[in-house]
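> Here is how the chains run, residue by residue.
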Amino acid sequence: MIQPLTEPAENRYTLTPGPEGLIETQTLEVSIGPQHPSTHGVFRMDCVLDGETVVQLKPVMGYLHRNHEQLAEKMAWLGSMPYTDRLDYFNSMTNNWAYALAVEKLAGIKVPERAEYIRVIVAELTRLLNHVCAIGFLLQDLGAWGTPLLYAFREREKILDLFEAVSGSRMMCNYMRFGGVRVDLDDKMLTAAKEITGRFPKFLDEFEKLLTNNEVLLARCQRVGILPKELAINASISGPMTRASGVEYDIRKVDKYGLYGRFDFRIPLGDVGDVYDRYYIRVLEMRESVKILQQALRDIPQGPHLAPEVKLRNFKVPTGDGYGRIEAPKGELGFYLVSDESGKQPYRYHVRPPSFINLTILEDMCLGHKVADVIIILGSVDIVLGEVDR
Amino acid sequence: MEAIEKIKELASQAVPGAKVEIVNSAPAAAQPALLVDREQVFAVARFFKEDPRFAMDFCSCVTGVDYPKVDQVEVVYHLYSIALKHGPIVLKVRAPRELDQCRVPSLTPLWRGCEFQEREAYDLYGVKFDGHPDLRRILMWDEFKDHPMRKDYAPPMDYDWEPTPHDDTLQRAMATEGVVPPTAIVEAEKAKKK
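Protein chains in written order, with the numbering used here: chain A, 1 to 390; chain B, 1 to 194.
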């Protein structure tokens with residue numbers, strides 16, 4: 001005969017009903033990072049979870065902070081050019097350009113036409129390599145280990161090989177100078193660039209065939225991490241992030257810096273502003289970059305690659321301040337520079353990093369989603385910690 | 001967009017009592033700025049945001065600049081308009097350098113994009129933004145005391161910042177009461193073995 005349960009009540013494990021007759025629960029605080037592969041560096045998110053749902057998320061950064069700005073204020077203008085490579089270490093070419101552009105604005109330097117063309121070529125190649133990597137890492141975050149990332153890196157290597165031939169370094173290019181670029185592109189390099197550009201659409205087709213209509217990608221990315229248009233503008237979001245939300249704003253079109261006024265290209269726009277749109281916008285932007293590259297490589301003229309009147313040594317900038325910005329692959333990269341009476345070094349050197357400011361609305365995008373979605377939402381923002389922390 | 005004199009006139013008309021002053025930038029950059037007094041900068045900024053002629057809906061860049069010579073810290077805002085695709089209007093506001101008086105109104109209620117950037121300016125320059133929803137350090141750690149981008153900031157010469165102090169730093173560490181740096185322990189053990 002089975003004995004009835006005679007355990008005293010306080011020893012029994014009971015489930016206390018909550019106010020709505022449900023079991024009482026409590027939230028759990030989880031710190032994602034700083035050592036987590038999906039944070040793309042050392043970045044931490046202090047999450048409060050209700051079950052698996054995010055109810056609060058605070059980004060914590062600064063692990064890679066090295067006071068880049070103060071370093072730059074202690075050396076000559078050109079001295080910090082190599083340091084800008086280390087901001088967004090995927091896109092050293094565009095970092096160089098943004099800094100060079102700001103200084104040229106302050107000093108009133110005119111850049112020769114060939115140099116402008118070279119800048120456009122290397123910047124658009126940089127955009128290609130940034131976007132393939134961003135997509136590759138996004139897929140990695142989704143759980144597609146290895147394969148898409150290696151496809152992306154295969155293409156990236158080709159561009160990096162060209163950068164190495166051009167500048168002597170794969171990632172830390174240190175290629176731009178005030179008034180132009182450091183070394184000229186010779187015909188061999190231009191042919192290599194043409195080859196990369198020619199093959200790239202084929203690679204994109206292949207990439208898209210595997211991904212764009214992939215059921216897993218659609219299920220995980222659509223309607224996740226929606227960023228409304230008004231918030232995107234109000235929160236100073238820039239780059240592919242804001243265009244995925246349907247904001248038509250591309251600094252290449254608005255400021256027409258460099259020679260972007262000459263090229264025929266379109267701005268792809270998303271309509272929902274979810275992770276999927278942010279993925280697809282990058283694919284479309286790469287197709288537009290290929291268009292720009294084809295035009296630039298076709299039209300590049302002969303001429304000097306560096307403005308002859310610019311002194312490399314003892315370079316001085318007139319007193320005053322100015323803000324120069326470009327459309328870097330991750331968004332608006334700006335440099336605010338102040339020059340004082342001595343003019344030998346920046347009195348104030350401020351970087352406006354796109355990844356840092358794009359993180360402002362990370363919490364808004366993640367609230368109400370599952371913790372697994374937080375990873376891909378962060379992946380779709382496309383941050384680089386060298387730039388966030390500076 | 002109108003000339004800077006016209007912008008200044010419109011802003012002073014819209015916000016009576018605002019002291020608006022034109023500050024010139026580098027001649028080649030041609031980005032003259034408006035220096036607004038602390039009390040009225042929020043109203044002036046709101047005017048630029050809400051007035052349909054400007055529609056400055058995008059606050060691109062916020063940063064601090066330290067001017068110890070005039071004993072002031074300056075905060076610079078670069079405003080652009082996405083709706084009308086023009087800009088920038090540069091707003092500058094100054095506050096005294098003393099830490100307890102170094103306060104300016106926060107523009108985060110107008111532009112969410114200022115949130116992290118004002119936190120950064122607070123962290124690195126010690127400018128307190130009144131009305132900021134969450135003014136904490138962002139790049140330095142919470143326990144950090146100073147504001148490292150100020151011109152008079154001296155990096156700590158403290159031995160305990162070094163994991164293994166040596167030479168001068170070790171001497172100073174040894175002279176400090178109640179502290180035994182790791183290098184000293186190792187050296188003491190070496191001496192014992194001899």
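Any given hint could turn out to be false.
As the list claims (entries may be wrong) - Residues of chain B placed beyond 10 Å of chain A at every Cβ, according to the derived structure:
| # | residue |
| --- | --- |
| 1 | V15 |
| 2 | P16 |
| 3 | K19 |
| 4 | E39 |
| 5 | D57 |
| 6 | I82 |
| 7 | R112 |
| 8 | G113 |
| 9 | E115 |
| 10 | G131 |
| 11 | E143 |
| 12 | A173 |
| 13 | I185 |
As the list claims (entries may be wrong) - If you anchor each label on the Cβ, the simulated ranges turn out as follows:
| # | chain 1 | residue 1 | chain 2 | residue 2 | range |
| --- | --- | --- | --- | --- | --- |
| 14 | B | P68 | A | P82 | 51 to 61 Å |
| 15 | B | A184 | A | A307 | 48 to 58 Å |
| 16 | B | H166 | A | L218 | 56 to 66 Å |
| 17 | B | R46 | A | T53 | 41 to 51 Å |
| 18 | A | K194 | B | R136 | 45 to 55 Å |
In case anyone wonders, no lab produced these hints; they're calculated from the structure. Idealized CB from N, CA, C, for every residue including glycine.
> Each hint needs a verdict: does it hold in this structure or not?
Evaluation of the provided hints:
1. V15: V15 (chain B) clear of chain A: closest Cβ-Cβ about 21 Å, beyond 10 Å.
2. P16: holds (27 Å)
3. K19: holds (20 Å)
4. E39: holds (24 Å)
5. D57: Label violated. Min Cβ-Cβ 5 Å, cutoff 10 Å.
6. I82: At about 5 Å from chain A, I82 (chain B) fails to clear the 10 Å cut-off, so the statement is violated.
7. R112: violated (4 Å)
8. G113: violated (2 Å)
9. E115: Non-interface label on E115 (chain B) violated, nearest chain A Cβ at 5 Å vs cutoff 10 Å.
10. G131: Label holds. Min Cβ-Cβ 16 Å, cutoff 10 Å.
11. E143: Non-interface label on E143 (chain B) holds, nearest chain A Cβ at 12 Å vs cutoff 10 Å.
12. A173: holds (24 Å)
13. I185: holds (29 Å)
14. B:P68 <-> A:P82: 51 to 61 Å: violated (29 Å)
15. B:A184 <-> A:A307: 48 to 58 Å: holds (57 Å)
16. B:H166 <-> A:L218: 56 to 66 Å: holds (59 Å)
17. B:R46 <-> A:T53: 41 to 51 Å: violated (36 Å)
18. A:K194 <-> B:R136: 45 to 55 Å: holds (51 Å)
Of the numbered hints listed earlier, those contradicted by the structure are 5, 6, 7, 8, 9, 14 and 17.
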